[in-house]
Amino acid sequence: MEKPYLYINYENGQARVQGTAVYTFGHQLDAPLVDGRPQGVYAQWRWDGTSLTVTNDTFGFYPLYYYCDEKSVCVSPSLSKVLEIISDRDLDYPALAVFLRLGFFIGEDTPFENIKALPPNADFVWKKGKFAVWGGLSLPRAVSDNREVAIGRVIELFRQGLSRRLPKGQPFVLMLSGGYDSRHILLELLRLGEKNVLCVTTRKYPPSTGDDMRVAQKVTKELSVPHKIIEQQIPRLTAELKNLEKTNFCADEHAWILETAEYFKNKTAVLYDGIGGGTLLMSNEPERECALLLQAGRLKEAADRILTQWYKRDEKSFQLTLSRDFYQRTNVECAREHLIKELKKHVAAADPFVSFNFWNRARREIALSSNGIFSHIPTVYCPFLDHALVQYALSLPVDTLGAKSFRQEMVRRANPEWSHIPFDDDEDRDQQTSRHQAQFIRDLTWHLMQRNLFKSKYLQMHYLLPRMFKSLLNRKYAQSLWWIHPQVILYLSELEKLQYKSLQRRVAEGVQS
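Heads up: the sequence shown is residues -7 to 505, going by the working numbering.
Do not rely on the hints blindly, as some may be mistaken.
Below, computed lysine to aspartate or glutamate pairings styled on DMTMM-like, alpha-carbon distance capped at 20 Å [what the hints assert, rightly or not]:
| id | residue 1 | residue 2 |
| --- | --- | --- |
| 1 | Lys493 | Glu223 |
| 2 | Lys213 | Glu237 |
| 3 | Lys489 | Asp317 |
| 4 | Lys(-5) | Glu307 |
| 5 | Lys447 | Glu486 |
| 6 | Lys292 | Glu334 |
| 7 | Lys493 | Asp82 |
| 8 | Lys336 | Glu281 |
| 9 | Lys468 | Asp435 |
| 10 | Lys160 | Glu281 |
| 11 | Lys333 | Asp317 |
| 12 | Lys333 | Glu105 |
| 13 | Lys122 | Asp80 |
| 14 | Lys(-5) | Glu334 |
| 15 | Lys122 | Asp61 |
| 16 | Lys493 | Asp115 |
| 17 | Lys122 | Asp137 |
| 18 | Lys120 | Glu180 |
| 19 | Lys333 | Asp306 |
| 20 | Lys73 | Glu486 |
| 21 | Lys120 | Asp137 |
| 22 | Lys213 | Glu245 |
| 23 | Lys489 | Asp61 |
| 24 | Lys292 | Asp317 |
| 25 | Lys196 | Glu223 |
Have a look at the derived ranges for each label pair, beta carbon to beta carbon [said to hold, decoys possible]:
| id | residue 1 | residue 2 | range |
| --- | --- | --- | --- |
| 26 | Pro414 | Arg467 | 33 to 39 Å |
| 27 | Gln452 | Glu148 | 33 to 39 Å |
| 28 | Ser130 | Tyr492 | 37 to 43 Å |
| 29 | Arg467 | Glu329 | 40 to 46 Å |
| 30 | Ile221 | Glu329 | 41 to 47 Å |
The hints are simulated quantities; they were obtained by calculation from the structure and are not laboratory data. Just so you know, even glycine gets a beta-carbon here, dropped at the ideal spot from N, CA and C.
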C-alpha cells in the first residue's frame, strides 16, 4: 500500500497539489492539553488551499519527513516516497558519519542533506513558497529529590499516565520482555483490572540469548495471562532488507521485530510499548561519566567516548571497506564535529547524557519500531512518554538513576506481591552466534552478486569481494569476517540502490512529459 504523502509545487502564482491534503497519524489522548498541544504520539498535516501546516506531539516520537525549497514542499512518513518525488538526492555526509558509528541519526538528520525529520513540538508552515518551522527539545530544570523520593514520584506519575491510556475493556497486546518496562506496564494494567491481554515475546536473532522468552514465560505463568512466543521464520538478510524500508534507512535495529508486526496485522487495535523507560530511567557507569564530561564542558572527550564505545566499531575496518572518497567525507573527525553540535544542546540538562539519549536514540531510532513498523495498529500506547513523567525524569540529576537498580526497585516497590519473579539473567548464552553470522555474510555475498554490485561509490568492492567470495567456500572463514560490519555494507549498498532507483524514476518521468 502506498504511503500517504503531500507534494505542493508553487509556480506562476498557482499551486499544483499531489497526494492527500489532510492526514493524521498516531493517536491523541482525551486528556487536558499541554501548552495548547494534545497529548499522545502523533503527527498531522493540513493543506487548506493556501497554506500547509504540519504539527506533531511534544516529544516528536511519530516519524515524519519533509523536503522544502523555494518552489515546492513534500511531506510523508516515508522517506523513500519523498525521494521518489523530489530531484534532490544529495547525501548528508556528516549525518552518515555519525550514523555509521552509532546506528541512529541525531537531531533532524536523515541520509539525505535536504530531507529532514520533523523536530519535536513542531509548528511547520509553508505558504506560497515561503517556509518556517519552529520547535525543538525541552530541558526541564533539575530537581533536588533524592533517590527514594524520585522512585516514589516516578511510580505515581507512571500510574497517572497509564490511567490516561487504558484499553477500556478492549483486547490488547503487550510486547513482554524479561526486563523492567514491559513488566511494569503489565502489572499496573492488571492492577487496574485490564485483563484482556495477550503477551507476546519474540525470539531475537543471535547473539541475543533466550533470556527474554524464559523470563517472560515465568512472568505470564505466575500472573496466569496468555503468552505467545513468536519464532523467526525469515532469514536475517531478508529481515534486514525489509527493515531498511520500514525504518526509512534511519535505524540499524528492529529487523527482529518484523515477524511480530506481520503476525499482528488485522489482529489487534491496541498495543502497549515500553519505549522511553530504558532511556529515561537508566544510566550506567560509562553514561554517567559521559554526563559529567558534558557538564564540565569537555565535549570532545564526551563525543569520542560515545563514538568509540557505543558499538565499538573499529575505525580501521571502515578505512578498508569504505571507498576512499566516501570515508574521507564520513571519517571519525567528521562524525565527532557533527556530534558535538548536537551534544551542545544538552549540556545544560539535569543529566546531559540521559537528555541526549532520549531526544536522539529513543526519538530517532527506537520510535521507528512502535510508531513505524507497528504503525498499522490503530493505537500504540507508550505510557512512559506521558508528558508529566518525561518532564520529571529529564529533571533528575546525574547519580539519581544508577544502571538497572532504579527501574528494578521501582517495579518491585510498585508491585511488591510480584517482586519474587526474577528479571532476565545471563544463563544459557546463545551458542549459535558464529553460525548465524557466517550465514548472514554468505547470504549478503549472494545478494550483492545477484545485484551485480561489482562497483560502488561508497564501498571498496575490490577489497570486499575476494573476501566475501571466499566466505562462500569456507564457513570458518565466513565466521571470522564479521569485522567488516556486514550490516553497514548492506545499508550502503541499498542506499546507493535507492538513490539510483529514484534517479531512474525521475528520468523516466521527464522523458514521458
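Do the hints match the structure? See the list:
1. The hinted pair formed by lysine 493 and glutamate 223 fails the criterion: a straight-line CA distance of about 33 Å is larger than 20 Å.
2. Note on lysine 213 and glutamate 237: the hinted pairing is violated, with a Cα-Cα distance of about 37 Å set against a maximum of 20 Å.
3. Restraint check: the Cα-Cα separation between lysine 489 and aspartate 317 comes to about 18 Å, which is no more than 20 Å; the hinted pair holds.
4. Note on lysine -5 and glutamate 307: the hinted pairing is violated, with a Cα-Cα distance of about 37 Å set against a maximum of 20 Å.
5. For the suggested pair lysine 447 and glutamate 486, the alpha carbons sit about 13 Å apart, so the restraint of at most 20 Å is met.
6. Pair hint lysine 292 plus glutamate 334 holds up; C-alpha atoms about 12 Å apart against a cutoff of 20 Å.
7. For the suggested pair lysine 493 and aspartate 82, the alpha carbons sit about 14 Å apart, so the restraint of at most 20 Å is met.
8. Distance restraint check for lysine 336 and glutamate 281: the Cα-Cα separation of roughly 16 Å lies within the 20 Å cut-off, and the hinted pair is therefore satisfied.
9. Under the criterion of a C-alpha separation no larger than 20 Å, the hint pairing lysine 468 with aspartate 435 is consistent with the structure, at around 15 Å.
10. Between lysine 160 and glutamate 281 the alpha-carbon distance is near 43 Å, which puts this suggested pair outside the 20 Å criterion.
11. A C-alpha spacing of about 24 Å is found between lysine 333 and aspartate 317, which places the hinted pair above 20 Å, so the restraint is violated.
12. Among the hinted pairs, lysine 333 with glutamate 105 is consistent with the structure: their alpha-carbon atoms are about 16 Å apart, no more than 20 Å.
13. For the hint linking lysine 122 to aspartate 80, the alpha-carbon distance of about 18 Å falls within 20 Å, and the restraint holds.
14. As the CA atoms of lysine -5 and glutamate 334 are separated by approximately 30 Å, the hinted pair breaks the 20 Å bound.
15. This hinted pair checks out: lysine 122 and aspartate 61 have alpha carbons roughly 8 Å apart, not beyond 20 Å.
16. Distance restraint check for lysine 493 and aspartate 115: the Cα-Cα separation of roughly 32 Å exceeds the 20 Å cut-off, and the hinted pair is therefore not satisfied.
17. A hinted pair counts as satisfied when its Cα atoms are at most 20 Å apart, and lysine 122 with aspartate 137 does not qualify at roughly 46 Å.
18. Of the pairs offered as hints, the one joining lysine 120 and glutamate 180 is violated, with about 50 Å between alpha carbons and a cut-off of 20 Å exceeded.
19. Simply put, lysine 333 and aspartate 306 have alpha-carbon atoms about 23 Å apart, too far for the 20 Å limit, and the pair is violated.
20. A C-alpha spacing of about 15 Å is found between lysine 73 and glutamate 486, which places the hinted pair at or below 20 Å, so the restraint holds.
21. With a C-alpha separation of about 50 Å, the suggested pairing of lysine 120 with aspartate 137 is violated against the 20 Å cut-off.
22. At roughly 30 Å between alpha-carbon atoms, lysine 213 and glutamate 245 are farther apart than 20 Å, so this suggested pair is violated.
23. Note on lysine 489 and aspartate 61: the hinted pairing is violated, with a Cα-Cα distance of about 25 Å set against a maximum of 20 Å.
24. Restraint check for lysine 292 and aspartate 317: the C-alpha separation of about 25 Å exceeds 20 Å, so the hint is violated.
25. Distance restraint check for lysine 196 and glutamate 223: the Cα-Cα separation of roughly 8 Å lies within the 20 Å cut-off, and the hinted pair is therefore satisfied.
26. A hinted range of 33 to 39 Å holds for the C-beta pair proline 414 and arginine 467, which are about 37 Å apart.
27. Our hint of 33 to 39 Å for glutamine 452 and glutamate 148 is violated, since their Cβ atoms are close to 55 Å apart.
28. As the Cβ distance of serine 130 to tyrosine 492 is approximately 40 Å, the hint placing it in 37 to 43 Å holds.
29. A beta carbon spacing of about 41 Å between arginine 467 and glutamate 329 agrees with the range 40 to 46 Å that was offered as a hint.
30. Look at isoleucine 221 against glutamate 329: about 45 Å separates their beta carbons, and that is inside 41 to 47 Å.
Of the numbered hints listed earlier, those contradicted by the structure are 1, 2, 4, 10, 11, 14, 16, 17, 18, 19, 21, 22, 23, 24, 27.
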